[in-house]
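K.L.:
Sequence:
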Amino acid sequence: LDEVEPNDDFASAQTLAFPSVTTGYSAPSGDNDFYTFTLTADTTVSVFTYEMAGMESDTVDTRIYLYDSTQTQIAYDDDGGPGLYSAVVDQALTAGTYYVEIRPYTYSDGYYTLELAVTICTPGEAACNGDILETCNDFGTGVDQELCAYGCDDINLVCNPPDMNEVEPNNDAASADAVWLNYQGYGLIDPGDDIDYYAVTLTAQASLRIETSAIPGQSTVDTRLYLYAPDGTTELAYNDDYVGIYSTITETEAADLAAGTYYVAVDSYSTYTGYYTLTIQVFGSANLVLSEYIEGSSNDKAIEIYNAGTAAITLAECSWSNFNNGATTPSGTQGFDGDATGAVLNPGEVWTFCNATGNITGCSEYGDVFYNGDDAVVLYWNGIVVDSFGRVGEDPGSYWGIDPDTTQDHTLRRHCMAHGDWNPYDAFVPTIEYDIYANNDFTDLGVPPTCP
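Per my numbering, the very first residue in the sequence shown carries number 7; after that it's consecutive.
No lab work stands behind these hints: they were computed from the structure.
Note that this is a predicted model, so its numbers are computed, not measured.
Built from N, CA and C at the ideal position, the CB exists for glycine as well.
Heads up, a few of these hints could be off.
Okay, the calculated beta carbon distance ranges per label pair [claimed, not checked]:
hint, residue 1, residue 2, range
1, 181, 343, 41 to 51 Å
2, 354, 376, 26 to 36 Å
3, 354, 239, 37 to 47 Å
4, 304, 197, 48 to 58 Å
Taking the hints into account, I'd like the entire structure generated from these sequences.
P.N.:
In structure tokens:
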């Protein structure tokens, strides 16, 4: 969850970026959650709640209250969003600080997603071009993002399907899609008797955690999940309905697997069709994240990595690559000083890698850091993707994001996250994962993030 308790009143309200998407949990019954956000300019704002992906069986009947900086209520809604969820739309707000309260109706409890969005039109107006705010929101850019990362179908008023990671035919072990470790990608069960196979190769003994979940804005499917041995036929583990209608094979059920290629299969219960997200995690892999990305003037470039886990990481096991101008193969790959010194990164520590020809001082090490705001970065541990920045294979122009909150000529500092972005090919909206600071702001570089 993104929500951090206690946040039960104005004084303890959790600070959110604007625009942003946040997941929360109202529990115990009657729990009220407070959030605060700041507008730097006059903005027409919409605030709404909807289902949390993967928790469709544990929803909550929300009410939204919007308050100004004096804590005076200025808007309220109950059941104006999808189902029992809420939507406060088209609020013309001046620059300043505001509060949002999510209050459950009659002591219900459950999960929700909260979105703070720039309103570009009122649902149903001609200017909206058929878009429905709850499913087709482009944050004022003209390019649908968030719930519609792949664009909005203005005819049917739903999100377009995602760029599929799954490649058909993959209906058996022989035709399985080869995927990377710490994989996260999209699949589609269609027709109803479709079964999708994926091949994952372990180079050493390891345990796996395999999960399916929903794709926001897409049709859901009741999945079943199978793990097969390297022979492609011996079933090692199976699950149906671990969380709601989605499935999980835990690291206990897939523990201590010997080196080799294993097969993961996904099908649906009772020939349902729909989309799913598949996550294959190497359980116990290093919890290493890109905690800061500096794209400063001229040669002032740097990355910072953070050990968000509970065990020390040997830097010799880590490397990073940059993918310039939409490249699908690395434009450059570098290790860390641990290659020579045997250095380790202890839990809660950071390591900074700065451009040797720039002006940034006090870094852990220096090397060749050559990227611009439109270049992706991928972080590896023992060759396994543990985090990524940007979107590999996409050239966004000059930057990702919405001006002025972009990846060009800015310093980006990571929000606290459970783990990094394991899918370097997924859509990238910087404000979801990062706070954005001015150009050449190096003040926080080398300072570990404060995470609960």
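K.L.:
Could you run down the list of hints and mark each one as holding or not?
P.N.:
Against the structure, the hints:
no.	hint	in the structure
1	181 to 343: 41 to 51 Å	holds, 43 Å
2	354 to 376: 26 to 36 Å	holds, 30 Å
3	354 to 239: 37 to 47 Å	holds, 45 Å
4	304 to 197: 48 to 58 Å	holds, 55 Å
Checked against the numbered hints given earlier, the structure satisfies every one of them.
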